[in-house]
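Kindly generate the complete structure, drawing on both the sequences and the hints.
Residues 1 to 306 (the numbering used here) make up the sequence shown, in order.
Treat the hints with care, as some may be off.
[What the hints assert, rightly or not] Derived lysine-lysine pairs resembling DSSO-like cross-links, with alpha carbons at most 27 Å apart:
hint : residue 1 : residue 2
1    : Lys200    : Lys132
2    : Lys271    : Lys200
3    : Lys226    : Lys261
4    : Lys251    : Lys40
5    : Lys69     : Lys10
6    : Lys187    : Lys177
7    : Lys177    : Lys132
8    : Lys59     : Lys40
9    : Lys177    : Lys134
10   : Lys200    : Lys87
11   : Lys200    : Lys216
12   : Lys59     : Lys87
13   : Lys40     : Lys10
14   : Lys187    : Lys251
15   : Lys153    : Lys200
16   : Lys59     : Lys261
17   : Lys177    : Lys153
18   : Lys40     : Lys69
19   : Lys45     : Lys87
20   : Lys69     : Lys3
21   : Lys187    : Lys132
22   : Lys216    : Lys36
23   : Lys59     : Lys251
24   : Lys261    : Lys271
[Unchecked claim] Restraint-style ranges between C-beta atoms, simulated for each label pair:
hint : residue 1 : residue 2 : range
25   : Asp39     : Ser181    : 45 to 51 Å
26   : Lys87     : Asn212    : 32 to 38 Å
27   : Lys261    : Asp82     : 26 to 32 Å
28   : Asn70     : Met273    : 30 to 36 Å
29   : Pro270    : Lys40     : 21 to 27 Å
30   : Ser169    : Lys271    : 17 to 23 Å
31   : Arg21     : Met273    : 21 to 27 Å
32   : Ile203    : Lys261    : 31 to 37 Å
33   : Val305    : Glu173    : 23 to 29 Å
Please keep in mind that the hints were generated in silico from the structure rather than gathered at the bench.
Everything numeric in this text was worked out from a predicted model, so none of it was measured.
Every residue, glycine too, gets a C-beta built ideally from N, C-alpha and C.
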Amino acid sequence: MTKVLVATEKPFAAAAVNGIREVVENAGYELVLLEKYTDKADLLKAVADVDGLIIRSDKVDAEVLDAAKNLKIVVRAGAGYDNIDLKAATEHNVVAENTPGQNSNAVAELVFGMTVMAARNMYSGTSGFELKGKHIGIQAFGQVGRNVARIAKGFGMDVEALDPYCPDSAMEEAGVKPVHSTEELYKNNLFVSIHIPATKETIGSIGYDLINLMPKGGVLINTARKEVIDEEGLARVLNDRPDLKYVADVKPGNAEMLEEKFAGRVFFTPKKMGAQTAEANINAGIAAANQVVAFIRDGVDRFRVN
1 MTKVLVATEK PFAAAAVNGI REVVENAGYE LVLLEKYTDK ADLLKAVADV
51 DGLIIRSDKV DAEVLDAAKN LKIVVRAGAG YDNIDLKAAT EHNVVAENTP
101 GQNSNAVAEL VFGMTVMAAR NMYSGTSGFE LKGKHIGIQA FGQVGRNVAR
151 IAKGFGMDVE ALDPYCPDSA MEEAGVKPVH STEELYKNNL FVSIHIPATK
201 ETIGSIGYDL INLMPKGGVL INTARKEVID EEGLARVLND RPDLKYVADV
251 KPGNAEMLEE KFAGRVFFTP KKMGAQTAEA NINAGIAAAN QVVAFIRDGV
301 DRFRVN
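This is how it looks when you write it as structure tokens:
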């Protein structure tokens, strides 16, 4: 019988697992669960005879793929997929997919939870400022960026976006002003919300010079990947610009130093929480199950990323 493994160090919500089970078993397949595992050896053993694999932040590297002799598809329940070795997946003839859009509203809402907090001086009791009439720049206008724009407009903010892969017309239809350089985006906007993936081109790309372009009182918000930030440059600009704030859903490697030195101006969630809502958890899990079934049964690979 065809087997589908759900391997999650951080388990799905029970409702998500029930939904995944329904999709998989209705297709006539067997569902196998590996939850809260702490040893990679457990994952290597579990993948040995499965045809499909659903993961969250779990790492699928060449060693895992070597162990998964029958594997045909791995789906990351979420938008980011840098925890999958795409080159190794291709070499093993395994399709890799993500589930774009399923977590996007949850992440966008977190952006504004942190945005309001930063504008109100981390709820310190001191006088902050309102978002209405302020400018926000969105770095990458994908599913999350579009939701950020929608919410920002509800606050009465002026919205700009930068995305070389998105036509200006799509931004303009959403009431968003397109910009065409990172320098312009950072210079124009009191808030900048980062939504770029961690790639060879973007890793370390946001550093001192770029952040220093932000207007007085600027707030940089990162719910993407910590790797896109030049952390040394971030520390330097926070030191040189006491008016700036940095809030993130991805704790930097130098978080302890930043929190100690720039108390009241930085905030990091204790773990990546953008997708940590019941709705996003269920949506992404069930979407992943449907994609696994669609590929194994019908060869559909619409969300393939390798």
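Here's how the hints hold up against the structure:
1. The suggested pairing of Lys200 with Lys132 is violated, with an alpha-carbon distance near 36 Å, which exceeds 27 Å.
2. The hinted pair formed by Lys271 and Lys200 meets the criterion: a straight-line CA distance of about 24 Å does not exceed 27 Å.
3. Restraint check: the Cα-Cα separation between Lys226 and Lys261 comes to about 19 Å, which is no more than 27 Å; the hinted pair holds.
4. Pair hint Lys251 plus Lys40 holds up; C-alpha atoms about 24 Å apart against a cutoff of 27 Å.
5. Among the hinted pairs, Lys69 with Lys10 is consistent with the structure: their alpha-carbon atoms are about 25 Å apart, no more than 27 Å.
6. A C-alpha spacing of about 14 Å is found between Lys187 and Lys177, which places the hinted pair at or below 27 Å, so the restraint holds.
7. Taken as a hint, the Lys177 and Lys132 pair is honoured in the structure, with Cα atoms around 17 Å apart against an allowance of 27 Å.
8. Note on Lys59 and Lys40: the hinted pairing holds, with a Cα-Cα distance of about 9 Å set against a maximum of 27 Å.
9. At most 27 Å may separate the alpha-carbon atoms for a hinted pair to count; Lys177 and Lys134 meet this at roughly 14 Å.
10. A C-alpha spacing of about 14 Å is found between Lys200 and Lys87, which places the hinted pair at or below 27 Å, so the restraint holds.
11. Annotation: proposed proximity of Lys200 to Lys216 is violated, straight-line Cα distance about 31 Å (limit 27 Å).
12. Our distance criterion of 27 Å between C-alpha atoms is met by Lys59 and Lys87, whose separation comes to about 14 Å.
13. The hinted pair formed by Lys40 and Lys10 meets the criterion: a straight-line CA distance of about 14 Å does not exceed 27 Å.
14. The straight-line distance between the Cα atoms of Lys187 and Lys251 is roughly 25 Å, inside the 27 Å bound, and the hint therefore holds.
15. Proposed proximity of Lys153 and Lys200 is contradicted: the alpha carbons are some 32 Å apart, above 27 Å.
16. Straight-line distance between C-alpha atoms of Lys59 and Lys261 comes to about 33 Å, which puts the hinted pair past the 27 Å bound.
17. Straight-line distance between C-alpha atoms of Lys177 and Lys153 comes to about 12 Å, which keeps the hinted pair within the 27 Å bound.
18. For the given pair, Lys40 sits about 17 Å from Lys69 by alpha-carbon distance, which is consistent with the 27 Å threshold.
19. For the given pair, Lys45 sits about 22 Å from Lys87 by alpha-carbon distance, which is consistent with the 27 Å threshold.
20. Restraint check for Lys69 and Lys3: satisfied, since their Cα atoms lie roughly 12 Å apart, inside the 27 Å limit.
21. For the hint pairing Lys187 with Lys132, the CA-to-CA distance comes to about 19 Å; that is within 27 Å, so the pair holds.
22. For the hint pairing Lys216 with Lys36, the CA-to-CA distance comes to about 45 Å; that exceeds 27 Å, so the pair is violated.
23. Taking the CA atoms of Lys59 and Lys251, the gap is about 19 Å. The hint holds against a cut of 27 Å.
24. A C-alpha spacing of about 21 Å is found between Lys261 and Lys271, which places the hinted pair at or below 27 Å, so the restraint holds.
25. Here the CB-CB span from Asp39 to Ser181 is close to 47 Å, well matched to the stated 45 to 51 Å.
26. At roughly 36 Å, the beta-carbon separation of Lys87 and Asn212 lies within the given 32 to 38 Å, and the hint holds.
27. In this structure the supplied range 26 to 32 Å holds for Lys261 paired with Asp82, their Cβ-Cβ distance being about 29 Å.
28. Between Asn70 and Met273 the beta carbon distance is about 34 Å. The supplied range of 30 to 36 Å therefore holds.
29. Checked against the hint of 21 to 27 Å, the pair Pro270 and Lys40 passes, with Cβ atoms roughly 24 Å apart.
30. Checked against the given bound of 17 to 23 Å, the beta carbons of Ser169 and Lys271, roughly 38 Å apart, lie outside it.
31. For Arg21 and Met273, the hinted distance range of 21 to 27 Å is satisfied, since their beta carbons lie about 26 Å from each other.
32. About 24 Å separates the C-beta atoms of Ile203 and Lys261, a value inconsistent with the hinted range of 31 to 37 Å.
33. Distance hint check for Val305 and Glu173: the Cβ-Cβ separation is about 26 Å, which falls inside the suggested range of 23 to 29 Å.
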